[in-house]
Structures are given as structure tokens and as C-alpha cells.
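S.K.: Sequence:
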Amino acid sequence: LHPLSTISGTYYVAVPAGSPGLKFEDPRLERFMASPPRLSGARRANRPWVILRARTGQVVLFESWLRHEVSRNAVTAERVSVSFNYSWF
435 LHPLSTISGT
445 YYVAVPAGSP
455 GLKFEDPRLE
465 RFMASPPRLS
475 GARRANRPWV
485 ILRARTGQVV
495 LFESWLRHEV
505 SRNAVTAERV
515 SVSFNYSWF
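So the sequence shown is numbered by this note's numbering: it starts at 435 and just counts up by one.
It cannot be assumed that every hint is accurate.
Claimed, not checked - SDA-like mimics (lysine to any residue), calculated; alpha carbons at most 25 Å apart, straight line: (1) K457 to R489; (2) K457 to R477; (3) K457 to R481; (4) K457 to N507; (5) K457 to L435; (6) K457 to L438; (7) K457 to G443; (8) K457 to S474; (9) K457 to E503; (10) K457 to V494; (11) K457 to Y520; (12) K457 to R506; (13) K457 to S498.
Unchecked claim - For each label pair, taking beta carbons as the anchor points, the in silico distance ranges come out as: (14) R487 to T440: 19 to 27 Å; (15) N480 to G455: 13 to 21 Å; (16) T510 to D460: 30 to 38 Å; (17) S521 to G452: 29 to 37 Å; (18) L486 to P437: 35 to 43 Å; (19) Y445 to S474: 26 to 34 Å; (20) R477 to L438: 30 to 38 Å.
If you're looking for bench data, these hints aren't it; they were derived computationally from the structure. Beta carbons: idealized from backbone N, C-alpha and C, even for Gly.
Construct the entire structure; sequences and hints are all you get.
M.R.: Okay, here's the thing in C-alpha cells:
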């Protein structure tokens, strides 16, 4: 979440093979209340999250209220990204 921002984004300068992607979570909390456990092999449409694999030169834009994260980079090569926020109010 990025308060006081409307659009957030990331530009991927360098993405070595094996780097983790950008994980977006479903913001609808009711999905997590009284719902059955999620299976690791569940269809993508039934998961409470989605992982977008990054590519070098890619720009990803998303609304700033959307919960997101990036896992630790476990590869030895550097992953370089530039994240930004934009607000028009």
C-alpha cells in the first residue's frame, strides 16, 4: 500500500533468471473469513494472490491501494528495479 498515491509502478532494469516476481494479494478481506484453506495447487482464479514474473525492460503499473510484495532475491545476480508513485490530487 502506498498512501497519498493514486498509481504505483515498478520499472525492471535488470531481472536475472530465478528472481522472484511481484505478488499481488486480493484486497477483499471477506475472502479470508470463514473460507476453506487454500491448496497450493489451486487454480489461479481461486488463489487469494497472483505472482507477476518480472522481465527486464518491463513496466508494471497498479493502483496504489493494492496490497503487494516482493520476496527476497535468492539468486546471486542483482535484481535492479525502480519503483515509483504518482498522485494527481
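S.K.: Holds or violated: are the alpha carbons of K457 and L438 at most 25 Å from each other?
M.R.: holds (21 Å)
S.K.: Is 19 to 27 Å a correct range for the gap between the Cβ atoms of R487 and T440?
M.R.: holds (25 Å)
S.K.: Could you grab the alpha-carbon distance between K457 and R477 and see if it respects the 25 Å cut-off?
M.R.: holds (16 Å)
S.K.: Given the hint that K457 pairs with G443, test it: the Cα-Cα distance must not exceed 25 Å.
M.R.: holds (13 Å)
S.K.: Check whether the Cα positions of K457 and V494 lie no farther apart than 25 Å.
M.R.: OK: K457 and V494 at ~12 Å, within 25 Å.
S.K.: Please test the hint of 30 to 38 Å on the beta carbon pair from R477 and L438.
M.R.: holds (36 Å)
S.K.: Assess, step by step, whether the Cα of K457 is no farther than 25 Å from the Cα of E503, and give holds or violated.
M.R.: Judged against 25 Å, a Cα distance of about 5 Å means the pair holds.
S.K.: Just to be careful, I want the Cα atoms of K457 and Y520 compared with a cutoff of 25 Å; is the pair within it?
M.R.: holds (20 Å)
S.K.: Has the given pair, K457 with L435, been kept, meaning a C-alpha gap of at most 25 Å?
M.R.: Satisfied, since the Cα-Cα distance of roughly 12 Å is no more than 25 Å.
S.K.: Between S521 and G452, is the Cβ distance one that fits in 29 to 37 Å?
M.R.: The hint (29 to 37 Å, Cβ to Cβ) holds, given that S521 and G452 are roughly 34 Å apart.
S.K.: Holds or violated: K457 with R489, Cα cutoff 25 Å?
M.R.: holds (14 Å)
S.K.: Do the beta carbons of L486 and P437 sit within 35 to 43 Å of each other?
M.R.: violated (22 Å)
This entry does not satisfy hint 18, going by the numbered hints stated previously; all others are met.
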